[in-house]
Amino acid sequence: MNTSIDLVMVCLVLSNLMLVGSSRIAVCIRFVALQGVLLGLLPLALHHWLLAGASIAIKGTVFPWLLFRAMREANVRREVEPYVGFSTSLMIGVAALGISSWIASRLPPLAPSISPMILPVALFTMITGLFLIVSRRQALTQVIGYLALENGVFAFGLGLVREAPVIVEMGILLDIFVAVFVMGITIFHISREFDQIDTEQLTALKDTPS
Amino acid sequence: MNLTLALFLVPAVAGLAAFAIRSNRVLRFLLVGTAVVHSGLTAAGWVYPAAPVFGGWVHLDDLGRLFLSLTSALFLAASVYAVGYLRREAPGRQTDVEEGFLFMNAPEATFVGCLLLFLSTMTLVSASQHFGLLWIAVEATTLASAPLIYYHRHHRSLEATWKYLLICSVGIALALLGNFLLTVAATPLFRNESALLLGSLVKDAVLLDPRWLKAAFIFFLVGYGTKMGLAPMHTWLPDAHSEAPSVVSALLSGALLNNALLGILRAHNVCVAAGPGMKAFSSDLLVLFGLVSMAVAAVFILKQMDFKRMLAYSSVEHMGILALGIGLGGSAVFGAVLHAINHSLTKAMLFFAAGNILAVYRTKSIQDVRGLLRVLPATGTLWLMGFFAITGSPPFGTFFSELMILKGALDAGRTFVAVAYLALLALIFIGMAASFLRMAQGTAPKPIIRTGECLSAIVPPAVLVAATLVLGLYVPPPLLALLRRLAQWLGGA
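Protein chains in written order, with the numbering used here: chain A, 3 to 212; chain B, 40 to 532.
One chain only, chain A, in its complex shape (with noise of 0.2 Å):
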C-alpha cells in the first residue's frame, strides 16, 4: 500500500513538473487531469468510496472534456510567449520542489497521515498552480493554473485531515466543477470577443486615462 501511495507521489511531483515545463495546453489539460484522477485515489486509501469516484468522474473526465471543447473552440493549441520562458519555468519549478520539501520540514510535527511525503507534493502543487496563473497568457493555462491550485489545497487536506465529513468535500467538488464551467463559458465568449483568448488583451480597464 505505501508503496502504491509513493509511487502516486513521484507522478504527482512529475505532472508539475510537464504543467510548467510543456508548451502544449493539450498536454497541459491532460496532465492537469491525470493529477485529478491521483487524487481521487488517495481517499480510496481511506475508504471514502463515493468521494474517490465522484472525484475522479469530475476532474478525470468532465474538465478534460470541459477544457478541451474550450480549446477547439477558441483554436489555440499551444501557449505561445509565455511571461516566464519554458525552460526558465522548468528551473522554477525545481526550485521551488526544494522550496516545498524545505518548508514542509519546518512545519510543525503531525499526527499521521497517509504519507509523508503529502506535505511537500501539496505544496508544490499549489505553488505550481500559482505559478501557472501569474506567468501564462492564455485564458485556458490560466484555468489549468486554478485547477492545479485546487489539487494541491486538496492534497494538502488530504494529507492532514483524517475524516472530513463527505458532504463539505461534495459540495467543494461541486464548486470547482461550476468555477471550471463558468470560466469555460467566458473563455468562449473572450475568444468570440477578441478572436483569441490571451489575456494580454484583457488591459483596456485601469486607473490612468488613457
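Please note that a few of the clues may not be correct.
These stretches of chain B come out as covered by chain A in the derived footprint (C-beta under 8 Å, 3 or more residues) [claimed, not checked]: (1) 173–181; (2) 189–202; (3) 277–286; (4) 334–344.
In silico lysine-lysine, DSSO-like type, Cα no more than 30 Å apart, as pairs [to be verified]: (5) B/LYS318 - B/LYS253; (6) B/LYS318 - B/LYS242; (7) B/LYS242 - B/LYS253; (8) A/LYS208 - B/LYS342; (9) B/LYS342 - B/LYS403; (10) A/LYS208 - B/LYS403.
Hints in this document: simulated from the structure, not taken from any laboratory.
These numbers were taken from a predicted model, which means no experiment stands behind them.
Think of the CB as a built atom: it goes at the ideal place given N, C-alpha and C, for glycine as much as any other residue.
Assemble chain B onto chain A, guided by the hints.
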C-alpha cells in the same frame, strides 16, 4: 418548514425558475416578489428566531441575521431599482457610452435568475455555522454574480468578469487551505471527526493548536480578504464595480463585501476566544490590512477620473475602516459593526445615483458631468447627500461610527493608528469633495437629453440615505443592544 431554510430556498427556486421564463413582465414581477418575500421572512426571523438545522450547520445567529437583514433590505431596494433599469435598457443593440460600438445585453432571464441565485448564496453565507459550508457558500456567491457583471456584453465587462472570476476563485482557494489548517489546529478537540462548527470551536478555542490556528487565520484573511476587497488583493474590485450595471455594483459593494467580511469575522471570533495572544495576532493583522487598504484607496481616489471607479475605491477604503475597527478592539468594534450597516446603505445608494447619472450623461468621466443639480435635481441632491454620508460628515450615521472607531484607537493608546486614520479620512474627503461638488454644480456642458427621473430610480436611494441619516441621529435601543452584544462577542467592549 424551517425559516432559515425557507430564506435560502425561496430565492434559489425562484432563481432557477427565472431561467425558464420568457416574459420580461413576469420576470420583473418574480424579482420584486421574491425580494419582498425574502425581506419579510428576514424580518420575521427577528421576532421568531428559527431553530438550528442540519446538526447546527445552518443557523442564523445575531451576527449572521444582522448581515442577512442588510443583504435582504439592499436586495429589496435593488430589485425595485432594477425594474426601472431593465425598462430603460431597451432590448436589441445598445451603443457603448465610452467607445461608441454596438453591443447586446444578456437575456433578462439570465440576469434576473443570477440575481436571485446571488441572493440565495448570500443568505447561505450568513446562515453558515460550519466553516466548510461557509467556504462553499462564498465561492458560490462568486459564481452566481460573475454573469451579472457580464450583463453588457462587450470587451470591457468581459475583462472585468474574467478578472473577478479568476482573482476571487484563487483567493477563495487559499481560504480553503485556511479551512484545512483550522481542521489541523482543531485535532486536539476532535480526535475522531473534524467538526468545524463555529460554536464548538469558540467553546474550546483555548485547546486549539496556536501555531496552526495562526496559519489558518492568515489564509482566511488573505482568501476572504480578496473577496472583501482588502488591499493589496483588491485589484478585481474597481474593474468589476465600474463595468457591472449600477444595480449590480450596489449589491456587490453593499452586500457581497459584507458577506466576505463575515468569513473573516468568523475566523477572528475563534482567535478572540483562543486567548489574548491569538487575539493580539489576528487583531494586529486586521489593523495592518485596514490601514493599507485605506492608504491605497486614498491614492487612487485622489487621482480618479471615473466616478464609478471612485465609488469602488471608496468601498476598498471602507472595508479597510471595518477591518481596522474590528482589529482595534474596545469601542472600535461597536463602531465597526455599526459602520458596516452605514456603509452598505450609503454605498448602495450612491451606486443607484451613479446609475441615474450614467443613464442621462452617458459617460463615467468625472470631467464630463457638470450641473447635476440642474439637470437631475433629485439625483443631484441624493448625490450630494451621499457624498456627505460616505465621507463621514455629521449628521449621518457614518460620522458617528467613524468617530467610535477613532475613540477605540485613542482608548487603546494607539496614537499612530489614530493619526494615520484621521489623515487618510481627510485626504479621501478632499479627493471626493473635488469630484462630487464639481459634478453637482455648474451647467451641463452639452445638450443633455432629459429623460425625467422615474420613481423607481429615486425612491430606493432616497430611502437608503434616509436610513443612514436616521442612524446618525438616533439608534433604536434594540439595535443598540444588539450591537453591544456583537461587539462583546467579537472581543470589543
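These are the hints, each one checked on the structure:
1. Counting residues of the segment 173–181 of chain B whose C-beta sits closer than 8 Å to any C-beta of chain A gives 5, which meets the bar of three, so the coverage hint holds.
2. By the rule of at least three residues with a Cβ nearer than 8 Å to a Cβ of chain A, the coverage given for the segment 189–202 of chain B holds, with 11 such residues.
3. Coverage of a stretch by a chain is defined here by at least three residues with a beta carbon nearer than 8 Å to that chain's beta carbons; for the segment 277–286 of chain B and chain A the count is 4, and the condition holds.
4. Residues of the segment 334–344 of chain B lying with their CB closer than 8 Å to a CB of chain A number 4, which satisfies the three-residue condition for coverage.
5. Taking the CA atoms of B/LYS318 and B/LYS253, the gap is near 10 Å; set against the 30 Å cutoff, the hint holds.
6. A hinted pair counts as satisfied when its Cα atoms are at most 30 Å apart, and B/LYS318 with B/LYS242 qualifies at roughly 15 Å.
7. For the suggested pair B/LYS242 and B/LYS253, the alpha carbons sit about 18 Å apart, so the restraint of at most 30 Å is met.
8. Pair hint A/LYS208 plus B/LYS342 holds up; C-alpha atoms about 12 Å apart against a cutoff of 30 Å.
9. Simply put, B/LYS342 and B/LYS403 have alpha-carbon atoms about 15 Å apart, close enough for the 30 Å limit, and the pair holds.
10. Between A/LYS208 and B/LYS403 the CA atoms are separated by roughly 14 Å; this keeps the pair inside 30 Å, and the hint holds.
Violated hints: none; the structure is consistent with every hint.
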